[in-house]
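Using the hints provided, position chain W relative to the given structure of chain V.
So the protein sequences, as listed, match chains V and W.
Number 59 in the numbering used here belongs to position 59 of the first sequence; there are no gaps in the numbering.
Number 97 in the numbering used here belongs to position 97 of the second sequence; there are no gaps in the numbering.
Watch out, some of these pointers could steer you wrong.
Put simply, identical chains are the same to the list, so a pair is met inside one copy or across any two.
[To be verified] Pairs of lysine-lysine residues, derived as PhoX-like cross-links and limited to a Cα-Cα distance of at most 20 angstroms, are as follows:
no.	residue 1	residue 2
1	Lys104	Lys384
2	Lys343	Lys180
3	Lys31	Lys233
4	Lys233	Lys180
5	Lys195	Lys115
6	Lys180	Lys31
7	Lys365	Lys104
8	Lys268	Lys377
9	Lys343	Lys384
Everything labelled a hint here was simulated from the structure, so no lab data went into it.
There are 2 protein chains.
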Amino acid sequence: MQVEIITIGDEILIGQIVDTNSAWMATELNKAGFEVVQITSVHDSEKQITDALESALERAEVVLFTGGIGPTKDDITKLTLCRYFGAELVFDAGVYANIENLLKNRMRAMNELTKTQAMVPDKAVIISNPIGTAPITWFNKDGKVVVSMPGVPYEMKRAMEFEIIPRLQKQFQPQAIIHKTLLVAGYPESALALKIADWENALPEQIHLAYLPHFNIVKLRLSAAQDDFVSTKNEIDRQITLLKVILGNAVIAEEDIVLEELVGRHLKAAGKTLATAESCTGGHIAHRITTIAGSSAYFRGSVIAYSNEIKSRLLGVDEQVINRHGAVSEEVVREMALGVADKLSADYVIATSGIAGPDGGTDEKPVGTVWIAVGTKDSLVSRKFQFSLDRQLNIERTTQTALLMLMQIANSE
Amino acid sequence: MQVEIITIGDEILIGQIVDTNSAWMATELNKAGFEVVQITSVHDSEKQITDALESALERAEVVLFTGGIGPTKDDITKLTLCRYFGAELVFDAGVYANIENLLKNRMRAMNELTKTQAMVPDKAVIISNPIGTAPITWFNKDGKVVVSMPGVPYEMKRAMEFEIIPRLQKQFQPQAIIHKTLLVAGYPESALALKIADWENALPEQIHLAYLPHFNIVKLRLSAAQDDFVSTKNEIDRQITLLKVILGNAVIAEEDIVLEELVGRHLKAAGKTLATAESCTGGHIAHRITTIAGSSAYFRGSVIAYSNEIKSRLLGVDEQVINRHGAVSEEVVREMALGVADKLSADYVIATSGIAGPDGGTDEKPVGTVWIAVGTKDSLVSRKFQFSLDRQLNIERTTQTALLMLMQIANSE
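Isolated chain V, as found in the complex (with noise of 0.2 angstroms):
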């Protein structure tokens, strides 16, 4: 089943924006059953807009429309699709009241630009879109079927999710698609190619093996499409039971998740609780923890110290440490680890003390170089990394290997 995602929006074509939504979207629709043939970004133009819808029609039986829907004058794709497929626009009363909900909520006024939004094409079916003011739009034409949805990503998930995608499996009853994922630590992808090519040359035809390496972590996607979804589900059960017994604890999880929803698993099981010390992470980790719901059951909270001052201050850190050994060391880094295990009264500590960059390296510590302590009071393992110039990746970099070391030791206790 083929569809086609068309993007809608001049700041894509101008690089203002990097447009997420489409693998984001693609990922989604692979794993419900529908194959992404296209991806077509087109400015704010209903020649644009209409040439590549019929151009897409030619190729797929759905065709999947973000952005362009906002109140303003630039966003014309609802009277280009109007236009299109011979509607008109019509009052909606339920979207109206959507609107006024979501403006009471957000305390402002109904004007005469948000009214408009109600306003619908007479010939779609109207989907309601609680979180946004901008309705789905679902056009049925000769067994195809064309959305427009808004291109807001939290607002385009939210319709992908509990709309559009369990519509479209009704409708069309693509064919299973199986995928099972296995999380698997410390072998670069190219090694971890090597280790496992015999289990992989002998795989059945029909199941596909993607590789997607992540930081510390190597995704292996195991993806079938078969009519008999239990064969299917049995024979990549049995590849992967094979698999686990050539990587063993590498294997650190049999599903897609991120680390921080595993570490937070983790810790809710055991009844252990978490802090964190950081200072070139400057509340990453923190931030990546508690955007797990319910992590205030395990995570107490943490101490960010961007100054030498305040690992002393609040930390407890010895101030003759820092100026022996620098901030960035592996005494300073295991003193903040000792000091957050106290002063918050957690079980498991993570503390980070590097040099983000891009300024602030020298020739013994440059960019790049962090210390990271992970463990109990108890038992605190430190570790030194020299990793890249850049200082986005440093702190990505720094998060995701303290988070994977955490969940090592975690799971040797």
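Frame of chain V, contents of chain W only:
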């Protein structure tokens, strides 16, 4: 002068990677005076590549391909272009020497697959790629240009910057395109559109206006392409002056910049420091502030207090106040702010306390209830917000709102 970008590769269409190349290319092309009409992503399929090329050549003078030119079987762009342009593959000694040299540096041996990279279309101009094994191929046809380059971001960037853009500029001598962006705070998109409707309606035809809303900020982008760079630029500047009269203080920046950078610049210029006390944002404010290089000059640090006990112990919040008013209350968020100002000796502080969700809501304080306090020890502003039911969104909205409040307070001093 019109350009199209075609990115080739299954990995984009199954959502395995986000296409960041296109946005980078579009930005650079725009600066150089080229307009990107459409961006298209297709599979490694001869038919799809050929169809996309033919369709692009109907709209644009220049078509830029990225990806699909590796040495493995699935990469078929080179053969497809040969067939399209009626070219033969011939051995290129210069490309071969470059590959040999690269492999030597990486301590790897030449193999049959890599050797094929030195076979190039005889009808193309071959542009060397000193940092990768695949050369860049440049076809001229009927006054139009088709270029194929690697999809590896750093190889693509080098090729664009040093070879492709300079050659395109020489060949086409494009018009200048001028962009100017204003950040406007305090108006929802539709209210802003109404507020500036008269001004917008009177805009000269050649100036295009776009609204890009992001949480509490709307980016207004004015663009124009014109032969006479000076008069276009003067006209845009004149329009911006008019707009600023209408919007006053709501214009918080006259460039496309993130809030944390704007805040950082302001603090640096004023010689002031900042600290945060975060509950519901869980470190996200600290994280955003510390993504800015040089933030250690003004950011002191943060206390992430994810439990009431930590709020009392590290920030000195009175336990009785918590018991009486609850952790999500004006009283507590103000005490958190004052506490962190004191403990971290910061001039400005931000404190947050709220119910991010999905659990923890009550009738009186439903999910999405957030208190934010921002200011100095002597002058603290506290406000209550009712955001959404979505945890991630509540964290992001709270962060964005808090940074904006800080910006406005700092600006008014």
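Original post:
Given identical chains, is Lys104 near Lys384, meaning Cα to Cα at most 20 angstroms, within a copy, between copies, both, or neither?
Top reply: between (52 angstroms within a copy, 15 angstroms between copies)
**OP:** Check Lys233 against Lys180 for me: Cα-Cα at most 20 angstroms, and say if that holds within a copy, between copies, both or neither.
**Re:** within (9 angstroms within a copy, 55 angstroms between copies)
Original post:
Can you tell me if Lys31 and Lys233 fall within 20 angstroms by alpha carbon in one copy, between copies, both or neither?
Top reply: Classified as within: same-chain Cα gap 14 angstroms, cross-chain 49 angstroms, threshold 20 angstroms.
Original post:
Should Lys180 paired with Lys31 be assigned to within, between, both, or neither, using CA atoms and 20 angstroms as the limit?
Top reply: within (10 angstroms within a copy, 41 angstroms between copies)
Subject >> Alpha-carbon proximity between Lys343 and Lys180, which holds within one copy, between copies, both or neither at 20 angstroms >> reply: neither (42 angstroms within a copy, 49 angstroms between copies)
Original post:
Which holds for Lys365 with Lys104 at a C-alpha limit of 20 angstroms: within a copy, between copies, both or neither?
Top reply: between (54 angstroms within a copy, 16 angstroms between copies)
Original post:
20 angstroms Cα cut-off: does Lys268 pair with Lys377 within a copy, between copies, both or neither?
Top reply: within (19 angstroms within a copy, 38 angstroms between copies)
Original post:
Are the CA atoms of Lys195 and Lys115 at most 20 angstroms apart within a copy, between copies, both, or neither?
Top reply: For Lys195 and Lys115, only the inter-copy Cα distance (16 angstroms) is at most 20 angstroms; the intra-copy one is 61 angstroms.
**OP:** Could you figure out if Lys343 and Lys384 sit no more than 20 angstroms apart (CA to CA) within one copy, between two copies, both or neither?
**Re:** neither (25 angstroms within a copy, 30 angstroms between copies)
Hint violations for this structure: numbers 2 and 9, all remaining hints satisfied.
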